[in-house]
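Chemist: As they're listed, the protein sequences go chains B and V. First residue of the first sequence: 6, per this note's numbering; consecutive thereafter. First residue of the second sequence: 6, per this note's numbering; consecutive thereafter.
Please note that a few of the clues may not be correct.
In this list, chains with the same sequence are indistinguishable; a pair is considered to hold if it fits within one copy or across any two.
[Claimed, not checked] Below 27 Å or equal to it, Euclidean Cα-Cα: the simulated DSS-like pairs (lysine-lysine) are:
(1) K279 to K292
(2) K279 to K251
(3) K279 to K158
(4) K223 to K292
In short, the hints are calculated from the structure, not lab data.
Number of protein chains: 2
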Amino acid sequence: MPPIYRRVCVIGCGLIGSSVLRAARAAGAAETYVAYDRSAEVRARVSELGLAEVADTAEDAARGADLVVIASPPAAIGALAGQIASALSSGATLTDVGSAKQAVLEAFEAVAPEGVFAIPGHPVAGTEQSGPDAGFAELFANRWTILCPLPRKDAPYLEAVERLSAFWTAMGSVVELMEARHHDLVLAVTSHLPHLIAYNIVGTAADLEEVTESEVMKFSAGGFRDFTRIAASDPVMWRDVFLLNKDAVLEILARFTEDLQALSRAIRWGEGDKLEALFTRTRAIRKGIVAAGQESAEPNFGRNRKS
Amino acid sequence: MPPIYRRVCVIGCGLIGSSVLRAARAAGAAETYVAYDRSAEVRARVSELGLAEVADTAEDAARGADLVVIASPPAAIGALAGQIASALSSGATLTDVGSAKQAVLEAFEAVAPEGVFAIPGHPVAGTEQSGPDAGFAELFANRWTILCPLPRKDAPYLEAVERLSAFWTAMGSVVELMEARHHDLVLAVTSHLPHLIAYNIVGTAADLEEVTESEVMKFSAGGFRDFTRIAASDPVMWRDVFLLNKDAVLEILARFTEDLQALSRAIRWGEGDKLEALFTRTRAIRKGIVAAGQESAEPNFGRNRKS
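With the hints as extra help, turn the sequences into a complete structure.
Modeler: As structure tokens, this is what we get:
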């Protein structure tokens, strides 16, 4: 397969950014790679790992690249896009990997120069690890990547979307196009709320006086442990996600809380039939997920982890 | 190793009960095995699987056994104990495997005849599967089993506790003694609340109009999928757990909700520092769990699953 891009630039070299470099290299998806991270330590590590040529500034990294992937914490994406805008080549594609897409779409629309194809993106993949050493080439294998194109229908833009799709496909991902606002609502349910809940329950447990932290850890296999894994995800990234996707998260959270109050009331009044009805319904949903995973060539939902 | 009991009786042959039979057989922990389940279908299956001699009534099963393990749904434990009480041999041990222990302790105290050693118990193990075919001999390997002895200090009782501990140890479990009320609080945090939350979030997601169930399933790898697994646990068992451990569950749930309101408010007002502070703290707790698992001979917290 011939390379899809000539020169790929990755800005931000944590778990996702470094995995993009590794996966793209493994797939031969570009001819050359350049990277920038605001941390000098991370830049040095990227160089040591041989993942990419390292630039001293984001602008230098972006200059001459035909694909620029911003893989910074979500809140920095808009500012970084503004910072590199004037360095972007005409015909280049600008994308990102953040979990909240409407905010990125608006930032890209505001700053991307004419002739640059801005396409917000989101690989639905990750682990609870962070940093350039946590990345690996298989992170995106059989995982969805959602692209949220701008409302443009001109042929060069549509071709740029095709090309970016091919890049993610080459890295093993299955690509889906989605409207940015809808993406944010879907992810608020399937990812953001689960993370918020997990962070919250681990915090609640840690604050109990009657149960020690060591007891919580010891008996965590009964369900709690799964939450601690999710609640070990990158704090800065998740802070940004909740702030950037505030409206959708608060909307879903309000529904969740309402439902939880109803459950709480059913427990208090001993309404076992209501509890059983809900628990039977949720079990059926799980069966649907498992069945979907078995029947089709859909992405395997297991985690692609190193450890 | 000589058998620990002469005749082990298991009442209720679902995931846990059938696993006790399998694990005890594999360990040679008793000479003979007898079982009862209120479902004729399950009784036939237990017979087919060769797990135990099958009795026609709970009383017949209990008669002559020196260990009786009630492995029914939690709400039935008290009634079953009452039903078999007069059939229990003097010197026999009566135990159970339910997730709420104070209610069982009170029921056992009320009905166990003199000369019977009643010892509530709880193996902290399980999968989201149910039924006699879901059980397996390794379910308890390297998992905690908590025994909650009655407030008795006489030597025969303490010996009975020792003997029951040896039985669980033979099946691969690590045994811990705990006061029943404290058990219920610890498990409310580490198991009951996580299950309640998981059931709730899956229900909330299923009710959304704007996001289809197929989208939720498709993009569930971002965190949601872990919740669906937990929310696929046995509906009747979990209904019973919440009703039997109502006080502890409602207490922990109230704290959880309070904390969640504070988080919600921080998101609404853009207080990123508060979010980041919590997320950093919860990450440290996960590191503690992982470190504990690596450093010591503690039970591995991974799931012992067949599939």
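Chemist: Run every hint past the structure and note whether it holds.
Modeler: These are the hints, each one checked on the structure:
1. For the homomeric pair K279 and K292, the shortest alpha-carbon distance inside one copy (21 Å) is at most 27 Å, but the shortest distance between copies (38 Å) is not.
2. In this assembly of identical chains, the alpha carbons of K279 and K251 lie at most 27 Å apart only when taken from different copies (15 Å versus 31 Å within one copy).
3. Taking identical chains as interchangeable, the C-alpha atoms of K279 and K158 are never at most 27 Å apart, the minima being 49 Å within one chain and 42 Å between chains.
4. For a Cα distance limit of 27 Å, the shortest separation of K223 from K292 across copies, 13 Å, qualifies, whereas the shortest one inside one copy, 30 Å, does not.
Checked against the numbered hints given earlier, this structure breaks only hint 3.
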